[in-house]
Amino acid sequence: MNEIVPVVDMSGISIEFPGVKALDAVDLRLFQGEVHALMGENGAGKSTLIKALTGVYPIDSGTITVLGATHRFSSPAEAQAARISTVYQEVNLCPNLSVEENILLGREPRRRGGIHWKEVRRKAREVLDQLQLGHIDPGSVLSTHSIAIQQLIAIARSVQVDAKVLILDEPTSSLDADEVQQLFTVIRTLRDRGVAILFVSHFLEQVYEISDRMTVLRNGRLVGEYRTRELPRMGLISKMIGKEMDALAELERAESRRQPGRQDEAPVLQAQDLGRKGSVRDVTIALHAGEILGLAGLLGSGRTETARLLFGADRADQGHLSIDGTAQTFRSPRTAINRGIAFSSENRKEEGLIGDLSVRDNLVLAMQASKGWLRRVPRSTQDQLAEKFIRTLDIRPANKDALIRNLSGGNQQKVLLARWLITNPRLLILDEPTRGIDIGAKTQIQKLISSLAADGMSIIFISAELEEVLRLSDHIAILKDRQMVGHIPNDGVTMEDVMTIIAGTPA
Amino acid sequence: MNALLKHRLTWPVLALVLLLLLNQLFRSDFLSVRVQDGHLYGSLIDILRNGAPTILIALGMTLVIASRGIDLSVGAVAAIAGAVSCTYIYNSPDPSSLRTAAGGVAIAVVAGLVLGLWNGFLVSVIGIQPIIATLVLMTAGRGLAQLVTDGQIISVSNDSYQAIGAGFFLGLPISILIAAAAFGVAGLLTRRTALGTLIEAVGINPVASRLAGLSARSIIWTVYVFSGLCAAIAGLMISSNVTAADANNAGLYIEMDAILAVVIGGTSLAGGRYSLVGTLVGALIIQTLTTTVYTLGIPPEVTLVFKALVVIIVCLLQSSKARDLLRQRRRPVAKQSDVKVAV
Chain A
3 MNEIVPVVDM SGISIEFPGV KALDAVDLRL FQGEVHALMG ENGAGKSTLI KALTGVYPID
63 SGTITVLGAT HRFSSPAEAQ AARISTVYQE VNLCPNLSVE ENILLGREPR RRGGIHWKEV
123 RRKAREVLDQ LQLGHIDPGS VLSTHSIAIQ QLIAIARSVQ VDAKVLILDE PTSSLDADEV
183 QQLFTVIRTL RDRGVAILFV SHFLEQVYEI SDRMTVLRNG RLVGEYRTRE LPRMGLISKM
243 IGKEMDALAE LERAESRRQP GRQDEAPVLQ AQDLGRKGSV RDVTIALHAG EILGLAGLLG
303 SGRTETARLL FGADRADQGH LSIDGTAQTF RSPRTAINRG IAFSSENRKE EGLIGDLSVR
363 DNLVLAMQAS KGWLRRVPRS TQDQLAEKFI RTLDIRPANK DALIRNLSGG NQQKVLLARW
423 LITNPRLLIL DEPTRGIDIG AKTQIQKLIS SLAADGMSII FISAELEEVL RLSDHIAILK
483 DRQMVGHIPN DGVTMEDVMT IIAGTPA
Chain B
-18 MNALLKHRLT WPVLALVLLL LLNQLFRSDF LSVRVQDGHL YGSLIDILRN GAPTILIALG
42 MTLVIASRGI DLSVGAVAAI AGAVSCTYIY NSPDPSSLRT AAGGVAIAVV AGLVLGLWNG
102 FLVSVIGIQP IIATLVLMTA GRGLAQLVTD GQIISVSNDS YQAIGAGFFL GLPISILIAA
162 AAFGVAGLLT RRTALGTLIE AVGINPVASR LAGLSARSII WTVYVFSGLC AAIAGLMISS
222 NVTAADANNA GLYIEMDAIL AVVIGGTSLA GGRYSLVGTL VGALIIQTLT TTVYTLGIPP
282 EVTLVFKALV VIIVCLLQSS KARDLLRQRR RPVAKQSDVK VAV
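As you go down the protein sequences, you meet chains A and B in turn. The opening residue of the first sequence carries number 3 in my numbering; numbering runs sequentially from there. The opening residue of the second sequence carries number -18 in my numbering; numbering runs sequentially from there.
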């Protein structure tokens, strides 16, 4: 193998934040025409490294060489000028502008002091065609497209600037299987055109499918750089978490089947043909105490919409819902919460966190809300609860006064879980509780779900990862095209069985 | 030392102290407070007394802004409060009795509460943007006040009523005591109960707050009602101080002073974390400025420009970005909020 000169060569990168060494002498090399995966658990320093490369964080020591020139980026604009483009997990585009405006924002071709709209259209179309996205209407408003398409448009934007380096930070976390394939087609097209691609993802299978080489980080240090095909999955995982794999495999398998829920009693929650115009329909569910119901379906099949109906976040206009056999109409989350229902949204940042408040304030928020503002939860109780859940859920940093926006995704998720556990709900609806968080935290959360159900809590569990749904659930409700198409007990159901239902039932 | 420099109250307090010292430089008796007839007198007392209406309104404004709103109608509400109370006193059979004064005050307070309810209704139930919703009353309110006073300036002569704005109790002007009490009540109300945290939660992330079971509607309603109440009391002080209701000029532009006070005090217009103490300091800075203009003998035609200059300087001092530029430091502090789009 003859070494060619890397497009990007970061060496000995260190970044220190007050009190934390976020990166300690880390190297990263990206080669032309290669997909490079950056691997590591949450808090390993992946984001920090990316931000060093994109000029968001200044580096304390080390060198960054791009296309043979040494750079010291002090702003994202400088990194972009060096032909480095980034597409973040949350799409950073303007939803109210059209596709073409987004692709060419800030670089619109001009004519006589105004924008040359014809040229804008032509250029947008050209780049979309290059990426085989010709079916997207450049004049359509961005927000009318799915997250997946928006992400592809964000990539199209970076292609338009003729980027030499493309960084994709968790691009697949909200995509379903088909969309991931669509994204990968685009990534391969770009790779073949000689772009160096840095791919960050928690999905191992995807990493193995798309990447040629990987760099593994752990606790801000470099573990090593490997060729993907030479590093087996187990080897990668143990390098990422620094433990022997056996222990982890043990943990995963420890999800032995629990006692089935109490079927003899009246169901905690019963929904009959529940639905809402334009949202989801035919939701029929009976859930007993201590049972876990998994919602399976592709992205956009109506999983989240179902959860929102059951929680009163959206008001149902069809069918019936009853709690403990009493008919209910939920007008707002408040009424649902008062009936003992809790809902943790998939969208942590937008629908879960109160970013500028402390971990403690976030923890007690739901409890405080249900008590009303007059009866403040005493500070000592707040502290007690915060300390207890920081300990039992292993929330890091173990500081109840830290602002929650400074925590990593997995730890934020734990705080949100704790927010609901404090209210001691009878039915806990978890929408993608393990999305975008590392394996360690994921296993902890899965175990927690099992043990909560064993204690008699009913749980509705939503995940895009079908294996996870199969491993945890007592039964599985299957959604397709915003309609519930199946409801099966989970006794020896395989992924294929569920896939068959999804594929086979005409919508 | 570093922590002190970063504290969000350090710069406003520093600005206030500098302003006071500047005055002292030009008038050597500026900082002295003397006792005369058992009452406290002096420029400092004047600043507090004249600033009391602004302090009151800024208190209400702080909570409104923390909830991601804004209340432009406070000046008009103050005018209406003054108008209804003075008109009531003027038309009553016994215009100089304590009972009449109390009745006038009660009517004004009720008016403030009702107008606050109206604003809260527009914002939280109908869902109109706060700036527009309160703009309605800002414009219409002056008209309402004129209707009440029949377009006249209503003068009243009632000692009890006059005491609100110009009286003394235990040696201190009553208006200062009222403002202090309102400050204390607001502090206790928001920090002893969970109201403050919930207002901040709604201001930071309304969607997440709703999903956590907060009744954002009632919280938003509460802050506008409180703001209306504060404006009404301020209106009483203003009209009492001149023993007349002037529908056109009472509380004119006071909403701007109040918003400025909130911002100088370090509460972001984007909502969320707020500081009542900061607002107090902000309001005092603004009032001190007005006094400084007189002390320095600045010609009235450049008064507003001078005020604007000082406000800009204070805001720049507070901006960490501007401070970094001043210090010529290349290293920006890594903060999540600084993360920019890079596609």
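None of these hints come from the bench; they were simulated from the model. Careful: at least some of the hints might be erroneous.
Claimed, not checked - Taking lysine-lysine and the BS3-like style, the derived pairs with C-alpha atoms no more than 27 Å apart in a straight line are:
#	chain 1	residue 1	chain 2	residue 2
1	A	K120	A	K23
2	A	K241	A	K390
3	A	K449	A	K351
4	A	K23	B	K288
5	B	K302	A	K351
Unchecked claim - For the chain B half of the interface with chain A, some residues (derived, Cβ under 10 Å), not all of them:
#	residue
6	L12
7	A147
8	R173
All values reported here derive from a predicted model rather than from experimental measurement. Even glycine gets a Cβ: it sits at the ideal position worked out from N, Cα and C.
Each hint tested on the structure:
Between K120(A) and K23(A) the alpha-carbon distance is near 50 Å, which puts this suggested pair outside the 27 Å criterion. Pair hint K241(A) plus K390(A) does not hold up; C-alpha atoms about 31 Å apart against a cutoff of 27 Å. Using a Cα cut-off of 27 Å, the hinted pair K449(A) and K351(A) holds, with the two alpha carbons roughly 24 Å apart. About 46 Å separates the Cα atoms of K23(A) and K288(B), which puts this hinted pair outside 27 Å; it is violated.
A hinted pair counts as satisfied when its Cα atoms are at most 27 Å apart, and K302(B) with K351(A) qualifies at roughly 26 Å. Of the supplied interface hints, the one on L12(B) is violated, with its beta-carbon coming no nearer than about 38 Å to a beta-carbon of chain A, more than 10 Å. Interface hint status for A147(B): violated, as the beta-carbon distance to the closest one in chain A is roughly 36 Å, over 10 Å. A least Cβ separation of about 7 Å between R173(B) and chain A falls short of the 10 Å threshold, and the interface hint therefore holds.
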